[in-house]
Amino acid sequence: MCGIAGLALNKPGTLNWAGRALEGLRHRGPDDRGWLVWSPTGAARRGKAWDEAPGSVLLVHRRLSILDLSELGWQPMSSPDGRYHLVFNGEIYNYLELRQELEALGHCFRSHSDTEVLLMAWAHWGTACLQRLVGMFAFAVLDTEEQSLHLVRDFFGIKPLYYCAFAGGVGFASEIPVLLELPGVGRQVHPEGLYRYLRFGLTDDGAQTLFSDIRQLPAAHYLRLDLNNLQLTEPQRYWQPRLQNPLELSFEEAAEAVRAQFLQNVRLHLRSDVPVGAALSGGIDSSAIVAAMRHLEPGLELHTFTYVADNGVSEEHWADLVGQAAGVRAHKVKPSAPELVADLDELVRVQGEPFGSTSIYAQYRVFRLAQEAGIKVMLDGQGADEVLAGYAVYGGARLASLVRQGRWLEALAFLRASRLEPALKDTWKSALGFLIPPRWQPLGRRLIGQDLAPAWLNAAWFAERGVPMASPRSQHGSEVLREELLQSLRETSLPKLLRYEDRNSMAHSIESRVPFLTPKLVELLLNLPEAYILSPQGQTKAVFRRAMQGLVPQAILDRKDKVGFATPEQHWLHQLAPWVHQLLDSETLGRIHPIQQTAVKEEFAAILAGRKPFDSRVWRWINLIAWARAFHVQFD
Numbered sequence: 001m002c003g004i005a006g007l008a009l010n011k012p013g014t015l016n017w018a019g020r021a022l023e024g025l026r027h028r029g030p031d032d033r034g035w036l037v038w039s040p041t042g043a044a045r046r047g048k049a050w051d052e053a054p055g056s057v058l059l060v061h062r063r064l065s066i067l068d069l070s071e072l073g074w075q076p077m078s079s080p081d082g083r084y085h086l087v088f089n090g091e092i093y094n095y096l097e098l099r100q101e102l103e104a105l106g107h108c109f110r111s112h113s114d115t116e117v118l119l120m121a122w123a124h125w126g127t128a129c130l131q132r133l134v135g136m137f138a139f140a141v142l143d144t145e146e147q148s149l150h151l152v153r154d155f156f157g158i159k160p161l162y163y164c165a166f167a168g169g170v171g172f173a174s175e176i177p178v179l180l181e182l183p184g185v186g187r188q189v190h191p192e193g194l195y196r197y198l199r200f201g202l203t204d205d206g207a208q209t210l211f212s213d214i215r216q217l218p219a220a221h222y223l224r225l226d227l228n229n230l231q232l233t234e235p236q237r238y239w240q241p242r243l244q245n246p247l248e249l250s251f252e253e254a255a256e257a258v259r260a261q262f263l264q265n266v267r268l269h270l271r272s273d274v275p276v277g278a279a280l281s282g283g284i285d286s287s288a289i290v291a292a293m294r295h296l297e298p299g300l301e302l303h304t305f306t307y308v309a310d311n312g313v314s315e316e317h318w319a320d321l322v323g324q325a326a327g328v329r330a331h332k333v334k335p336s337a338p339e340l341v342a343d344l345d346e347l348v349r350v351q352g353e354p355f356g357s358t359s360i361y362a363q364y365r366v367f368r369l370a371q372e373a374g375i376k377v378m379l380d381g382q383g384a385d386e387v388l389a390g391y392a393v394y395g396g397a398r399l400a401s402l403v404r405q406g407r408w409l410e411a412l413a414f415l416r417a418s419r420l421e422p423a424l425k426d427t428w429k430s431a432l433g434f435l436i437p438p439r440w441q442p443l444g445r446r447l448i449g450q451d452l453a454p455a456w457l458n459a460a461w462f463a464e465r466g467v468p469m470a471s472p473r474s475q476h477g478s479e480v481l482r483e484e485l486l487q488s489l490r491e492t493s494l495p496k497l498l499r500y501e502d503r504n505s506m507a508h509s510i511e512s513r514v515p516f517l518t519p520k521l522v523e524l525l526l527n528l529p530e531a532y533i534l535s536p537q538g539q540t541k542a543v544f545r546r547a548m549q550g551l552v553p554q555a556i557l558d559r560k561d562k563v564g565f566a567t568p569e570q571h572w573l574h575q576l577a578p579w580v581h582q583l584l585d586s587e588t589l590g591r592i593h594p595i596q597q598t599a600v601k602e603e604f605a606a607i608l609a610g611r612k613p614f615d616s617r618v619w620r621w622i623n624l625i626a627w628a629r630a631f632h633v634q635f636d
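Read the sequence shown against full-length UniProt numbering and you will find it ends at 636, with the numbers running on by one and no gaps.
These aren't lab readings, by the way, just hints derived from the structure by calculation.
Nothing here was measured: the structure is a model prediction, and the numbers come from that model.
It is possible that some hints are incorrect.
[What the hints assert, rightly or not] Derived CB-CB ranges, DEER-like:
id	residue 1	residue 2	range
1	Cys-108	Asp-51	54 to 60 Å
2	Ala-453	Leu-243	54 to 60 Å
3	Ser-272	Asp-51	29 to 35 Å
4	Ser-474	Gln-147	36 to 42 Å
5	Pro-298	Arg-591	24 to 30 Å
6	Gln-188	Asp-320	32 to 38 Å
7	Leu-300	His-27	45 to 51 Å
8	Trp-125	Asp-31	27 to 33 Å
For glycine and all other residues, C-beta sits at the position ideal for the given N, C-alpha and C.
Start from the sequences, fold in the hints, and give me the full structure.
The following block contains the structure:
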């Protein structure tokens, strides 16, 4: 796990941005650093301490040593013939199997690192190697013979990769703030992205970031840059989940297949030359990972890290139950509202873009706790909710599927059952959102108090910039749940959660691994009958619960509530009301013209008085103010 960056210049010149990039990415790789400079007219130069070497192409790397801790794993790494040069962030979990295959094809290896395996795989197969990988990755490959630079991002976007044009060429980096240091890169907000964030809490849902001048490479894509003219091609998709007719497996056969693939995933994700821990909330997903780790590695010294709410619903009891069953060394953290205020500016700086709720702070503190315990690798359950229908909205999607398919009696039975499930809230309202035609969406949302243009948004500002006031929800066919799960994976849910996880973990120099997110497991789950995922009785994650029988404590598998890293956000913001009022009165908010400052203050007063319901829109106002202040964002 590392930080990477680089430049391709219009004409050879100085590359002193390298020093700032090496320093700006230090937290992503505190163990080592390296750079490489190349020009068509000379041999590549490389080093650790930046020495102002001129050239045409620059590759920069900060290393967090996880596999092969020796100098042989140093980057940028070059092929033996000097044709290819690689900077790589991530892990290739099946590197041992790929290495054997490449050795049989005649390749020799100097190190025991997955980086060298990736380099040789690219040299042998080119972009075709991507389909063979099991891992999380963002990397750049310089081909000196073809005079091209490829940027590549993993199947789900677990690892980040941003790029932009600037006054002297093209730059790329693992994090946005590094690119903001380039000459000519503006800090203007992207209007449509801002609307989607403020109204729906969406970020990271496409190639465009919230900075108009900076883009991100979408998940499962690669991009080729011709170094002769610096022409960026359109990103090419190399993989996408295949939705087929539901697999003809019995429920028990499906559970067996899911169990086998999940355990194989965890087995691969345990490969490490440093200690491995786990985030443990006490929910089904994180509990399954901890139980699988213990099952696969009975002698492992297993550390778990748990967030405990200081007010409201806490999962501490459930985490303790799992910890006792798995024999872990448990660590807990209980952040408070004043601590959130103290850490806010640093948290915003770490994230680089706004985020959806204060639960991100709970996660941030869990990774800080792991760092203090000396853990460098963590396993986490991210992605499970998006493939196993873990959120309340999926109840509405399942009901909409049954209605679209004309299965009225089953739909009525599911609606009745879902009312008894705490994890499924307002199923009928959610279903209407999937069933109402697009032209009726604005009226329908207004009737249930979910206006697309609430009074606190400056609708005129967005209209002047051509931003449509519309729901991001896509129209689905007859299998609404499966299609909604796929959209959640690609656009509306998972991309932002993966960004939060990457920044929070890497801010503390920790590699966070997500074993639910491999193409084989995701495609298996997406191609099961919808009733296996969300049962007729309204049970979420039905097939996975069955798959984990005998592995995870039964009390966990029988849970009906859904909590996660849920901070007592409403309590905190009531507790912090004077501080919030100060932010809403600030000059910074006055410069954020997309928001109606007076209306926001009135809305917050109504929420405090109980006249309007609370939701995360309050946090989004606060977060936007802090982000604008931290990065000097421009709104004109």
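For this session: Could you check the hint for me, namely that Ser-272 and Asp-51 are 29 to 35 Å apart, CB to CB?
Result: holds, 33 Å
Problem set entry | CB-CB spacing for Arg-591 and Pro-298 relative to the 24 to 30 Å hint | violated, 58 Å
For this session: Can you let me know if the beta-carbon spacing of Leu-300 and His-27 is within 45 to 51 Å?
Result: Roughly 27 Å apart at Cβ, these two residues miss the hinted range, so it is violated.
Exercise. Has the hinted range 36 to 42 Å been met by the Cβ atoms of Ser-474 and Gln-147?
Worked result: About 40 Å separates the Cβ atoms of Ser-474 and Gln-147, which means 36 to 42 Å holds.
For this session: Given the hint of 32 to 38 Å, check if Gln-188 and Asp-320 actually sit that far apart at their C-beta atoms.
Result: Violated, at about 49 Å.
Exercise. Is the hinted range of 54 to 60 Å satisfied by the C-beta distance from Ala-453 to Leu-243?
Worked result: violated, 34 Å
Exercise. Does 54 to 60 Å hold as the CB distance between Cys-108 and Asp-51, or does it fail?
Worked result: violated, 31 Å
For this session: Can you let me know if the beta-carbon spacing of Trp-125 and Asp-31 is within 27 to 33 Å?
Result: Given about 30 Å between the Cβ atoms, the range holds.
Checked against the numbered hints listed earlier, the structure breaks hints 1, 2, 5, 6 and 7; every other hint is satisfied.
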